[in-house]
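Q: Got chain A; can you put chain B with the ligand on it based on the hints?
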Amino acid sequence: MPQPEAPQPEAPQLEAASPADETTLVHQAKAGDLAAFSELVTRYEGKVFRLTRHILNSREDAEDVTQEAFLKAFTHLDGFQENSRFYTWVVRIAVNESLMRLRKSGRRPMVSLDEPVDTGEDEMVRELAVWDETPEQKYSQEELRAILDQAVDSLGPIYRAVFLLRDVDELSTEETANALDLSIPAVKSRLLRARLQLREILTQHFKRKGDDILAYL
Amino acid sequence: MTSLLTCKEFLGWLNEYLDETAAAEIRSLVESHISTCPNCWVIHDTTKKTLQVYKGMEPQLLPPEIHNRILSLLEKAALEKRAAQSD
Ligand SMILES: [Zn+2]
Numbered sequence: 001m002p003q004p005e006a007p008q009p010e011a012p013q014l015e016a017a018s019p020a021d022e023t024t025l026v027h028q029a030k031a032g033d034l035a036a037f038s039e040l041v042t043r044y045e046g047k048v049f050r051l052t053r054h055i056l057n058s059r060e061d062a063e064d065v066t067q068e069a070f071l072k073a074f075t076h077l078d079g080f081q082e083n084s085r086f087y088t089w090v091v092r093i094a095v096n097e098s099l100m101r102l103r104k105s106g107r108r109p110m111v112s113l114d115e116p117v118d119t120g121e122d123e124m125v126r127e128l129a130v131w132d133e134t135p136e137q138k139y140s141q142e143e144l145r146a147i148l149d150q151a152v153d154s155l156g157p158i159y160r161a162v163f164l165l166r167d168v169d170e171l172s173t174e175e176t177a178n179a180l181d182l183s184i185p186a187v188k189s190r191l192l193r194a195r196l197q198l199r200e201i202l203t204q205h206f207k208r209k210g211d212d213i214l215a216y217l
Numbered sequence: 001m002t003s004l005l006t007c008k009e010f011l012g013w014l015n016e017y018l019d020e021t022a023a024a025e026i027r028s029l030v031e032s033h034i035s036t037c038p039n040c041w042v043i044h045d046t047t048k049k050t051l052q053v054y055k056g057m058e059p060q061l062l063p064p065e066i067h068n069r070i071l072s073l074l075e076k077a078a079l080e081k082r083a084a085q086s087d
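So the sequences go chain by chain: A and B. Letter 158 of the first sequence, counting from 1, is numbered 158 in my numbering, and no numbers are missing. Letter 22 of the second sequence, counting from 1, is numbered 22 in my numbering, and no numbers are missing.
This is chain A alone, in the form it adopts within the complex (with noise of 0.2 Å):
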C-alpha cells in the first residue's frame, strides 16, 4: 500500500544520472532546448575531462577535448539514436578525439586501443605482501588522490581508460564495450589486466608495514 508521504530519511537519494531523466533531457536538447544540454554538460564534464587528461597526460589537452567532445555532440545531436546512454556516446567522441590527437601529436603515432594484449596474467602478480587494513586513511585526500591517479598513468592507455569506465565511473562492461568500441572479450582482458597492474602499484604504498620489516631480517 501506498503510504501517505511520509519522511524517509532512509530513501535513496535520486541519482543524478538516473536514465529517464538523461534521456529526458537529451529529448529536450533535440528540441532546441539549451539549457538542458547545458545540464548535461554539467553533469559529465568532469568524468570526461577525467578520462581524457588520463588517456592524453595533459589537462590543456584534456580541457580542449572536453570542450571539442560536447561541442561535437551537440552539432550532431540529431545524428544520437539514443541506442546508448548519452554519457556513453560522449565517451565515444572524446576518445576518438582524444587517440586523433595523439596520432597528430606524434607522441604515440600508433597508439589504438584495439592493440593486441599479451595475455601473460600470472606474470603479472609479483606481490604477494598483505595490505593494511584501511591503507587509505594513512594519507590525505590529496596524497591519496596522487597515488591514485600516478598509478592510472603507468598503465598503457588501454587499459587506463578500459579500467577508468570500468570501476571508476562503474558502467557495464556492455557500455565500456561500446564507448570504445573494443569487443566484450577485449574489455574483459584489458580489465583484468589493468586491476591486476593498479593492484601491484598500490601495494607498494599500501602494504603492511611489518611485512617490510620480517623482509629486511
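The hints are simulated quantities; they were obtained by calculation from the structure and are not laboratory data. Glycine included, every Cβ here is placed at the ideal spot set by N, Cα and C. Only true hints are included.
Covered, in the sense of this in silico footprint (three residues per stretch, anywhere, with C-beta under 8 Å from a C-beta of chain A), are these stretches of chain B:
(1) 39 to 53
(2) 77 to 85
Taking lysine-lysine pairs in the DSSO-like style, the calculated list, with each CA pair at most 27 Å apart, reads:
(3) B:Lys-55 <-> A:Lys-207
(4) B:Lys-8 <-> B:Lys-49
(5) A:Lys-188 <-> B:Lys-55
A: Quick look at chain B with the ligand alone, frame taken from chain A:
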C-alpha cells in the same frame, strides 16, 4: 563435482568473482581455492581493496573557465544551428 582450480584458473575467474557475476558453482570453486592457497587469497583481497579505493573517487572539477567557455561556445553553436534551420 569438478576438481579444484589451479592458480591460473583462479586468475581467469577473478574478475567475475569480484564483480559478483560468477555462477554459484564457480563462486564456490574460487572460494575453496582462496581458502587453501594463501597467495591467491592475497591477490583476491588486495585486488578487491584496489577496486574499493578507486570506487569512491570523485572526478576533479573541470576548471570553471573551461566550463564557461564550453557554455558560451554552445550558445554560439545554437544560434548558428537555428539560423541554418530558418533558412
Ligand atoms: Zn592459488
